[in-house]
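**Student:** In this text, residue positions in the sequence shown follow the working numbering: the first is 1171, and each later residue adds one.
Since the hints were made in silico from the structure, they are not lab data.
Mixed in with the good hints there might be a few duds.
As the list claims (entries may be wrong) - Dumping the calculated DSS-like pairs for lysine-lysine here, alpha-carbon to alpha-carbon at most 25 Å:
1) Lys1279 <-> Lys1198
2) Lys1199 <-> Lys1322
3) Lys1198 <-> Lys1262
4) Lys1279 <-> Lys1322
5) Lys1198 <-> Lys1322
6) Lys1262 <-> Lys1279
7) Lys1199 <-> Lys1262
8) Lys1279 <-> Lys1199
As the list claims (entries may be wrong) - Here are the computed distance ranges between Cβ atoms for each label pair:
9) Gly1204 <-> Gly1274: 18 to 28 Å
10) Asp1203 <-> Tyr1264: 40 to 50 Å
11) Gln1296 <-> Glu1192: 23 to 33 Å
12) Ala1244 <-> Val1290: 42 to 52 Å
13) His1174 <-> Asp1242: 13 to 23 Å
14) Ala1180 <-> Ala1229: 21 to 31 Å
15) Gly1274 <-> Val1230: 12 to 22 Å
16) Val1231 <-> Asp1271: 37 to 47 Å
Glycine residues also receive a C-beta, built at the ideal position from the N, C-alpha and C atoms.
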Amino acid sequence: MVNHVAMDIAASPDAVWSTIVEDYLEAKKFQNDGGEIEPFADPGAVFGSYQIRFEHQGAVVDERIVRITEVDEAARRLSATADYLSFPNGMKVYATYHADDVAGATRYKIDCHTLVHIDVPQVDGQAGIARALAEMTAAADGYLVAYLESIKPRVEGGA
1171 MVNHVAMDIA ASPDAVWSTI VEDYLEAKKF QNDGGEIEPF ADPGAVFGSY
1221 QIRFEHQGAV VDERIVRITE VDEAARRLSA TADYLSFPNG MKVYATYHAD
1271 DVAGATRYKI DCHTLVHIDV PQVDGQAGIA RALAEMTAAA DGYLVAYLES
1321 IKPRVEGGA
């Protein structure tokens, strides 16, 4: 599954970049959402890694390991992988977050490539897989756009 979303934000590229760093490198997005963050020792993750756990009524409902794979200050680009441990059959997301200077604003772009297991439907085969993938892609696009919409007022307010 592949997702590409973007939103123009009336703030400086540095302000948007700071938000990306805070939300993902420093894991503040997940802390603010109620996640428990712990460092995760991975010598291959030279920019850092952490484990996130979300619990509901004492049960873990979402657990993932995030590895930061790129922090390019000059390009204002951060890349990460996330292994979703609590997702049935696992899920791995490769994501890149960009703060691109555009005329009069900053374009916050998110590019995601996701590896996820999809059961082959007994009846529709490939067509069923394509439908399931299209539904999952649309849902992920919606989630990512909602995230951008949620941070836009905060970033623009601090501009």
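**Student:** Next step is simple, just say for each hint if it's right about the structure.
**Tutor:** To see whether the hints hold, each was checked on the structure:
1. Lys1279 <-> Lys1198: holds (19 Å)
2. Lys1199 <-> Lys1322: holds (14 Å)
3. Lys1198 <-> Lys1262: holds (21 Å)
4. Lys1279 <-> Lys1322: Holds - the C-alpha atoms of Lys1322 and Lys1279 are around 12 Å apart, at most 25 Å.
5. Lys1198 <-> Lys1322: Distance ~16 Å between Lys1198 and Lys1322 Cα, so the pair holds.
6. Lys1262 <-> Lys1279: The hint holds at about 19 Å.
7. Lys1199 <-> Lys1262: holds (19 Å)
8. Lys1279 <-> Lys1199: holds (17 Å)
9. Gly1204 <-> Gly1274: 18 to 28 Å: This hint is violated: roughly 36 Å between Cβ atoms.
10. Asp1203 <-> Tyr1264: 40 to 50 Å: violated (21 Å)
11. Gln1296 <-> Glu1192: 23 to 33 Å: violated (42 Å)
12. Ala1244 <-> Val1290: 42 to 52 Å: holds (45 Å)
13. His1174 <-> Asp1242: 13 to 23 Å: 19 Å Cβ-Cβ, so the 13 to 23 Å window holds.
14. Ala1180 <-> Ala1229: 21 to 31 Å: violated (41 Å)
15. Gly1274 <-> Val1230: 12 to 22 Å: Since the Cβ atoms of Gly1274 and Val1230 sit about 44 Å apart, the hinted range of 12 to 22 Å is violated.
16. Val1231 <-> Asp1271: 37 to 47 Å: holds (38 Å)
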